[in-house]
Amino acid sequence: MTNLSLADLAGYMRQLGEGALITLELFLTSFALAFIFGVLIGIATLSRSRVVQGIWRVYASIFMGVPSLLVIFLTFYGGSAMLGAVLGEFGARIDISPFGAGVIAFTVVYAAYIAELVRGAIENLPKGQFEGARALAIPPAIMWGKVILPQVMRLALPGLVNVWSFMLKETPLVSLAGLQDLVAAAKIAAGATKEPFIFFVATALVFIAFSALSFRLASRLETRLDRGQRREAAGRSSSRAAA
Amino acid sequence: MTMHAPAPDAAKEPGRLAITISGLVKHYGSHRALNGIDLEVRRGERIVICGPSGSGKSTLIRCINALERHDGGSIVVNGIELTADEGTVQDIRQEVGMVFQHFNLFPHLTAIENCMLAPQLNRGLTKARAEKLAMHYLERVHLADHARKYPSRLSGGQQQRVAIARALCMEPRILLFDEPTSALDPEMVNEVLGVMEELAASGVTMLCVTHEMGFARRVADRCVFMDHGEIVESRDAASFFQAPESQRLRDFLAQILR
Ligand SMILES: Nc1ncnc2c1ncn2[C@@H]1O[C@H](COP(=O)(O)OP(=O)(O)O)[C@@H](O)[C@H]1O
Ligand SMILES: [Mg+2]
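The listed protein sequences correspond, in order, to chains A and B.
Residue numbering for the first sequence follows our numbering, starting at 146 and increasing by one per position.
Residue numbering for the second sequence follows our numbering, starting at 3 and increasing by one per position.
Treat the hints with care, since some could be wrong.
Unchecked claim - Now the stretches of chain A that chain B is said to cover, found in silico as 3 or more residues with beta-carbon under 8 Å:
1. 271–277
2. 287–293
3. 365–374
To be verified - Each computed SDA-like pair below joins lysine to any residue, with the alpha-carbon atoms no more than 25 Å apart:
4. B:134 / B:70
5. A:272 / B:238
6. A:314 / A:361
7. A:291 / A:271
8. A:272 / B:31
9. A:272 / B:56
10. A:272 / B:134
These aren't lab readings, by the way, just hints derived from the structure by calculation.
A virtual CB, placed ideally from N, CA and C, is assigned to each residue, including glycine.
Isolated chain A (complex conformation) (with noise of 0.2 Å):
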């Protein structure tokens, strides 16, 4: 420690504190809609009509082909702008907060990621399920909540943890609109310090912390979902059996 004191470093770490709230709120609040989303467009996009394939395949190549900091920098800053062109006079005095341009980018362009997942999983589901729940007159909603999305989530598990870690690893980008997220706050506390190895090599460890308890949480999720499939099956009773 050179010239830093311990009560610097303490206030410091507070706002590294503060800017690790902003990131996960804004990554758990990111993740959730564009999993509601990505869920709602992955069904939709099995619709054989031809404007819906249409639509489809133009988003997915847009929000997968663009960086996602593009992304955020036109909501950010064409943002106002295009609410202006939809909603008049009133849309264009709306401000797009940092926080609010990167919940809508990653909301978009994950929700394509999320969409080819549960697509690819529905389609590999066998037409049987869908056929047993509609002759057991099992209503459309009921049978995607209870019979058909259970079994997608199973299949497009390993996917979707993808997608999470990923979306995690992105999220300091919002901090280039402006944000003062967990990225920021290092940066600055490094740049006052002139200690930058311990402000991103804290930075680092909250990254890591939280993806490993992601993992814990994903491999719980998988137990959960792989309910009733051969594989392993002898294994988790014993464990069951155990606990």
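Knowing the structure of chain A, use the given hints to seat chain B with the ligands on it.
Showing chain B with the ligands alone in chain A's frame:
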């Protein structure tokens, strides 16, 4: 096929017929899978449908519960004419249970959960009552001991019996079977046929696509032979086997009873 006139008998006794099919036509693209099917099924009647692969047997019974939409002719189930209307389709599906070749059990639900799902949703049963009902029908297919198992832990014959119990839980008046034993290992065929024979004795109306001719002889009131999307012969089981009229049926029986 425009006018739908009920058969004269049905007009006199409207409750006598479970299913009335007239002039039924179904296309897949330009392929005509059903080419004008006429079939009347009386209440409690047990009908076995057989015929070569691709003759339209599955298509016929799948039209009855609207898993496939027909594009000509009419289907009347328990007095309800099947139309494109979703409410009508749901009404008919409540009356008609279906058992598939590949069981189509829901793998993420246990045997009893598979059975409870539809009664809870469609008949508004509480969980406890649905469970009681499910257990009753699982007992009837001799699987009470396996109620809490997932389908993957059951043999093929047991899975098919769960599927039968699941269909019975809707307490349908009509049961459709589409080659229920064709996907089973030979040693499991009899346990499923046994359950189906017990059902046949209970008075439920049954339409069963199968090539199990022993079952047909023991159970069927009437056997229907299909070929190229048409009903070629339809008669009581005894004369169906002993005195087939058409050459096509004779050839088919010769092959299958070889
Ligand atoms: N979903 C489908 N799309 C196109 N053709 C089909 C479809 N289902 C059945 N067919 C065709 O319709 C005909 C009748 O099929 P099906 O009713 O399954 O016969 P069966 O059950 O007697 O073997 C066959 O020629 C089959 O190839
Ligand atoms: Mg068939």
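The hints, checked one at a time:
Judged by the Cβ-Cβ criterion of 8 Å, the stretch 271–277 of chain A is covered by chain B as claimed, because 5 of its residues qualify and three suffice. Residues of the stretch 287–293 of chain A lying with their CB closer than 8 Å to a CB of chain B number 3, which satisfies the three-residue condition for coverage. Coverage of the stretch 365–374 of chain A by chain B holds in this model, with 4 residues showing a Cβ closer than 8 Å to a Cβ of that chain against a need of three. Distance hint between residue 134 of chain B and residue 70 of chain B is unfulfilled; the C-alpha atoms sit about 33 Å from each other, more than 25 Å.
About 35 Å separates the Cα atoms of residue 272 of chain A and residue 238 of chain B, which puts this hinted pair outside 25 Å; it is violated. A distance of roughly 18 Å separates the Cα atoms of residue 314 of chain A and residue 361 of chain A; the hinted pair therefore holds under the 25 Å criterion. As the CA atoms of residue 291 of chain A and residue 271 of chain A are separated by approximately 16 Å, the hinted pair is consistent with the 25 Å bound. Distance check on the hinted pair: residue 272 of chain A and residue 31 of chain B sit about 20 Å apart at the alpha-carbon level, within 25 Å; holds.
Proposed proximity of residue 272 of chain A and residue 56 of chain B is supported: the alpha carbons are some 19 Å apart, at most 25 Å. A C-alpha spacing of about 30 Å is found between residue 272 of chain A and residue 134 of chain B, which places the hinted pair above 25 Å, so the restraint is violated.
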